[in-house]
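The lines below spell out each chain.
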Amino acid sequence: MSDKPRMPIESGVPDPAPYMHPLMVSNYGNWAWHDRPRPGVLHHVAKSGDEIWTVKAGTQRQMDIYTIRKLADIADEFADGHVRFTARSNIEFMVSDEARVAPLIDKLTGEGFPVGGTGNSISMISHTQGWLHCDIPGTDASGVVKALMDVLYDDFVREEMPNRVKITTSCCQINCGGQGDIAINIQHTKPPVINHDLVSNMCERPAVIARCPVAAIRPALVNGKPSLEVDERKCVCCGACYPPCPPMQINDPENSKLAIWVGGKHSSTRSSPAFHKLVYAGLPNNAPRWPEVAEVVTRILRAYKENAKAWERMNEWIERIGWPKFFELTGLPFTKHHIDDWRGGRYTLNTSSHVHF
Amino acid sequence: MANKMPDTPLLDQLEDGPWPSFVTGLKRLAQDEDKQYAPMVKSLLGQLEHSYETRKGYWKGGTVGVRGYGAGIIPRFSEVAGKYPESKEFHTLRVMPPAGMHYSTKLLRDMCDIWERNGSGLIAFHGQSGDIMFQAANTEQLQAAFDELNDLGFDLGGAGAGLRTSMSCVGSARCEQSCYDESKAMREVINSMLDDMHRPSLPYKFKAKFSGCANDCVNASHRSDFAVLGTWADDMKVDQERFKDYVATMGRKEIINQVINMCPTRALELNDDDTLGVDNNSCVRCMHCINVLTKALSPGDVKGCTILVGGKRTLKIGDLMGSVVVPFMRLETDEDYEKLADLAQRVLDFFAENALEHERTGEMIERIGLVSFLEGLGLDVDPNMVKHPRTSSYVRTDDWDQEVEKWNKRKQAAAAE
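Just so you know, the protein sequences line up as chains Y and V, in that order. All residue numbers for the first sequence refer to the working numbering, where the first residue is 11 and numbers rise by one. All residue numbers for the second sequence refer to the working numbering, where the first residue is 2 and numbers rise by one.
It is possible that part of the hints are untrue.
Unchecked claim - No more than 20 angstroms apart at the CA atoms, straight line, and that leaves these computed lysine-lysine pairs for PhoX-like: (1) V:245 <-> V:296; (2) Y:200 <-> V:296; (3) V:206 <-> V:317; (4) Y:267 <-> V:296; (5) Y:244 <-> V:317; (6) V:89 <-> V:28; (7) Y:57 <-> V:296; (8) V:57 <-> Y:200; (9) Y:80 <-> V:89; (10) Y:335 <-> Y:319; (11) V:317 <-> Y:319; (12) Y:244 <-> Y:346; (13) Y:244 <-> Y:200; (14) Y:80 <-> V:57; (15) V:57 <-> V:89.
In case anyone wonders, no lab produced these hints; they're calculated from the structure.
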């Protein structure tokens, strides 16, 4: 009876070579150039003369094993039994023969997987977990993304935007979805509602106090029990206290709103990376389809598509035309909440006499 | 005793429309009556519908793990288990994919089979940190699921206050713009610090990401504490014949509009003979012209990386971009990659020793100043680290002459190489 428990093999990040398409293994580090024969397809040519075509398709990210097996079947039939995923949950099939591209596209499209997401398209929205699995979500992520990608479908399968458009969603203000040309994020509008009976048992109070970015939380005795209280004049309703202290409920079906941010950019291509900026807030958390969000997002995208020059990302376009023009073209209001008063906010003010008319 | 398929009128609306629906997938699993996961997924659909009705989440964390590891499992317990008992436990395994997220179909099928036996049948490719997320197993299933995945050659990723799962772009595997071997760098760095991933005891999370060029396809600059971005130190390559083909196809006006005028440092000119002039001293390797003229332009031969440290999202002091701490590190030989891993280890150690609780690397640097960080790491200051020199006179400069001496010595040493 000396069954020794199985101990883990701490193997770390696996070597990709055994899983990689053989043409990618044999030409590793020796590619010469690429082009895009049509939306959804990349064509790479190696220094050896080898060629590989990549067909990119959108997925729902949270996939059941039937969907994954179906994708594997397609890869076996059309793409030498290999795939890869992108950082935005698109799946890529590689083929070594151009003649196999069209049948693969037909198959994917026929099975309901949109082919696109390349070049100057709107790629899949990078997103977080939401109600399906997260412990602190203000909204659902998969649902918002599904609803929006239905609306943006045509711009996923085409390459008709001025430059690529990266959209993100986040279910709380921690913003796990990250920066985006457009970011759709929860914005709470009311301070947390505290269940004082539970605080002393569930929360490490000094850690919660330290977590608050505006020092609005202090220890308090409530009904004879040690708890926490929030100075509601200082509170910025960010929800930072909620993860370390679940009895400080920040999510609210009515008062947890959605805000839209624009102009985030991760790359150092042309301009430096940029943070996204608030352009609209107060949208209702209107599950299951969030039509108000889609309305604002499509309005911004239309203005960008019609007015940006070739290769301008969202932030570069706005920088050229100026924010007054952005608000004019989109018809969105400019309010006092658009003026940053957080640390460093002064550096976002216009300190010149340059004014747009 | 089989539970009933819940009514899901709200979720059902997410089955409409052309984009693939996760709801359809969940329902398929729920209706798999002969599978062990069917009751759990039915129950899960019920709870998710309840979330859609009430616009609130109902999962709470806890402490669940697998043998030998202090992280990598995201524990979830339902707060409404009374109504949805079969999904009262709903834990996720974070598993590190092959670098660059390459899969054979056999691997995908093996993973599906494991998750069919030991989990919910729901897998996300991938989470925001780059993990495969095997979503939803009960506490009992976790160890078996992990053991099987581990036998397959896969390991748990990070969670909590530790080293997190990393990402690298497709890079050398398929991209001519790649400036180093991204998956090698990622494996060299991450696999040498696994102890800080599997038994996390850092002040807060620590992320590293690897992009092969300035396009930064894995969003390293902002989404990691330690960002490795490919670049090159010599001249970029121009195939003038192919450039002339582009001029012929696109026309001079569009070449000027889309390429010459978009260069952020005005390093390009269109010559009268339709060749491209490049001022490589002004070029900052931003990739724009190379992205547009993929057949004519490419990175140079002296390849390596720029390292930026301190990127992070909102909590607590606000967003921070990573900033340059190593302007250029050659990545060519095995020793170069070992040097990179050594630097990453030293940055992580410095963070572990000097950050306050729940402080990210960027916040620590904001508090102590970049110079203290550089001195702690033994990294030399460089004008590439700043947008411009200081504008505030509130600084003590008693050691000015010694600092000038250091700079001169470094310049002499570089000239002697």
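Hint check results:
no.	hint	result
1	V:245 <-> V:296	holds (11 angstroms)
2	Y:200 <-> V:296	violated (54 angstroms)
3	V:206 <-> V:317	holds (13 angstroms)
4	Y:267 <-> V:296	violated (47 angstroms)
5	Y:244 <-> V:317	holds (15 angstroms)
6	V:89 <-> V:28	holds (18 angstroms)
7	Y:57 <-> V:296	holds (12 angstroms)
8	V:57 <-> Y:200	holds (15 angstroms)
9	Y:80 <-> V:89	violated (30 angstroms)
10	Y:335 <-> Y:319	holds (15 angstroms)
11	V:317 <-> Y:319	violated (36 angstroms)
12	Y:244 <-> Y:346	holds (17 angstroms)
13	Y:244 <-> Y:200	holds (12 angstroms)
14	Y:80 <-> V:57	violated (33 angstroms)
15	V:57 <-> V:89	holds (17 angstroms)
The earlier numbered hints that this structure contradicts are 2, 4, 9, 11, 14.
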